[in-house]
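K.L.:
Chain by chain, the residues:
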Amino acid sequence: MSATDPVVVCQGLTHVYLRGTPFEAVALRGVDLVVGRGECVGVAGPTGSGKSTLVQHFNGLLRPTEGSVWVDGVRLDGRGETVREIRRRVGMVFQYPEHQLFEETVFEDVAFGPRNLGLDPEEVGERVRESLRWVGLDPDRFGPRSPFSLSGGEMRRVAIAGVLAMRPRVLVLDEPTAGLDPRGRQEILEHVRQWRRQQGLTVVLVSHSMDDVARLCDRVVVLHRGQVFLDAPTREAFAQADRLRSVGLDVPRVTDVLLRLRAGGLPVRTDCLTVEEACEEIVRALRAGGSAWSSSEA
Amino acid sequence: MELLRSLTIGQYVPRASPVHRLDPRTKVLATTALLVVVFLARDFAGLGLFALFLGACLLLAQIPLGFVLRGLRPIWFLLVLTLLLQVFFGGTSEGTVLWRLGPFAATREGLVQGLFVTARLVLLVVATSLLTFTTSPVELADGMERLLAPFRRVGVPAHELAMMMTIALRFIPTLVEETEKIMKAQMARGADLDTGGLVRRARALVPILVPLFVSAFRRADELALAMEARCYRGGEGRTRMKQLRYRRSDALAAAVVLAASFAVLLPGRFRW
Amino acid sequence: MSEPTALIEVAHLTHVYHAGTPHEVRAVYDVSLTIRPAEFVALVGGNGSGKSTLAKHLNALLLPTEGRVVVDGLDTRDPHALWEIRRRVGMVFQNPDNQIVATVVEEDVAFGPENLGLPPEEIARRVEEALRAVGMLEYRSREPHLLSGGQKQRVAIAGVLAMRPRCIVFDEATTMLDPEGRREVLDTAHQLRDREGIAVVHITHSMEEAAEADRVVALHAGRVVLDGPPREVFREARRLREVNLDLPEVARLHACLVRRGVQLETQALHPGELADQILRLRRAVV
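These protein sequence lines are chains A, B and C, in that order. Last residue of the first sequence: number 298 in the numbering used here, and the count goes up by one each step with no gaps. Last residue of the second sequence: number 272 in the numbering used here, and the count goes up by one each step with no gaps. Last residue of the third sequence: number 286 in the numbering used here, and the count goes up by one each step with no gaps.
Any given hint could turn out to be false.
Facing chain B, according to a computed beta carbon distance under 8 Å, are these residues of chain C, among others [claimed, not checked]: (1) Leu-62; (2) Glu-66; (3) Gln-99; (4) Val-104; (5) Ala-110; (6) Leu-116; (7) Gly-117; (8) Ile-123; (9) Val-127; (10) Met-163; (11) Met-176; (12) Pro-179; (13) Gly-261; (14) Asp-276.
Read the hints as simulated data drawn from the structure, not as lab findings. These numbers were taken from a predicted model, which means no experiment stands behind them. Backbone N, C-alpha and C fix where the C-beta goes; we use that ideal spot for every residue, glycine too.
This is chain A alone, in the form it adopts within the complex (with noise of 0.2 Å):
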């Protein structure tokens, strides 16, 4: 899926903070990575794996200290029209968005964007009202307020709109659930998947929960000291238990019930990502090999 149409490439990503003095440190060594357009793909890794680092090369935010970065075939190399022009097509929301609204209305602040690149007000009104709607908030409630008179869930959702409002082509999230209870986590998810279907968006998630990876991406790309570690369809990736948890991460609960079955004796698949997919699994599996369950079939 990814090398017919790359929209991002990395080759040979080197990132070097503070170099030449003490506090020197690599972030990134030799990363090489394609995204491909209208893909989902997860970065993952422990703290200080150089998730945050990776993502913000994307967007021109950090430059290289060796390697190279293209946006949709434009090379990133630091010189200032690039730059803004690539912040128009990669969006990037930052962890905990709502800390960054700071306009008198929830209209203005998810104007700033719009008003940024240069639109002109009519188009600017439109993209405010449109952006608003994909987030699911009404824009003649919620346009005059004040964005410090809403909830966190709701100031989150402004400030996504805000970056939606660019209208990018590549979404960029760093840990968009983070914080949020159940609910609000599943409302999150479910607008990221709607959001990719409605206008064919390419997404990169970065997260340190695999669960939230596992529901949205296609693919994970793991990230361990600085290095891609695994690079792989999300079901192979999360087959890989042992790997995963030698560098701190944790597979989904049930993958952890199915790994158990299968050293228990139980021929079981081991790539299921949902409740749903691992009860029919076990279902199946249980069911081949004849043993003493309720005979009434479900």
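With the hints as your guide, set chains B and C onto chain A.
P.N.:
What follows is chains B and C alone, placed relative to chain A:
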């Protein structure tokens, strides 16, 4: 930004020297005395002795010369300006003219005066740097609090001031990190912080400052609650784990500073 | 129900914010609850369920609009008991940064005992004990901003521990942490309960974390809707879903299998448990 985050605030250089080990109160008082002395010095000999004394202290404190010079970098402009002002305007109009530049005359007296004043400035900065190189910000806050404590009776809020200082120091790296994050988030939305004149750039700071302030207020709220949950109720009845104690080395240091001050200020010192 | 052995007793607690104004909000309504010594209670609920408000009553950061909260025999409304209550019931907050006051770890841990006016040698002793108990002794001279989230929370726990509390309330203390940090904090909480007999009230919206407690109390719209051991509470799948909560993943898988006719034992909350139950089925035939 990252550099700021990695360094602790101020110029504190951790070392295990005798100067570092002195009670911070001794160092604060000594520095104050030395600053007064440097202003009262009348001749180059005095300044020279002062410089020697500072040099010896820096050596004892294991502070590399490079640090000292780097500390002077922010004010090099001021030094040059002072020197030039003195050279051209410091002497009297009847002084020996060394050089003319249009209507301006550089006099020998002005030059001498200029060098003196500039040297004094340099020594001033180095003397204060000595304090901050050898005393961590926390120690400074502690020392100031204990020194001001007796003045609580006349209404000086020593404890509150020290608490404010430690909390501010504690949060500076955190706020720097947050500023960086906010800047990146706004830049990702197309904010431009580099172009334009003064007014434009000032306005471009609003999307950074507003969230920062909002966040700072929220932190203050949460911190206050956490402090209350740990039974904080102001300075009344509070004890401290770290006790400051004067030792022999402090008395010795005080004596040395006194002696140096005499040497620097006493006129006619070389005549006996 | 007033047990003599209750550590914290909450009786018909109601809390209304901004009472009498147009912004009036009733966060907690008629909640009655008992926390026993050395009990590990998980308090769960979605956003807006009132769990954080309830938590702040346990150490008198908030006072009841109606009802009573009694901590170790002391009424939270009694202004003279305030500081003793806060000593006995410590609290660790959600944001790891916004509860650390000092620039050096050990000085922050000393903050609480200093407020209690203890002699310096006693404070130093307690600081060392507390840091050792949370496994952070080697970080005693570090600056807090260089620590990870989990480490900061452990420092906060030490700061509370140094006041020798009988109960520690974790007010969503794991919400902002990564999986490793969450594990660190939870393990520490369990250890403190097991080794020191300190009661723990763990406020969370993670059902997996709740499954590790002795008792789960579920809140919704300010009221207690479920209160019992995890296995009991997680049997009420429908009720939980009604109040926007869910079962831990393993329990959901268990329920799914049971619905499909697989004859499993009552309940499973952990992966190992469920796997064992299923494997036991196979062995019955072989």
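K.L.:
Please name the hints from earlier in the document that this structure breaks, with their numbers sorted from lowest to highest.
P.N.:
1, 2, 11, 12, 13, 14
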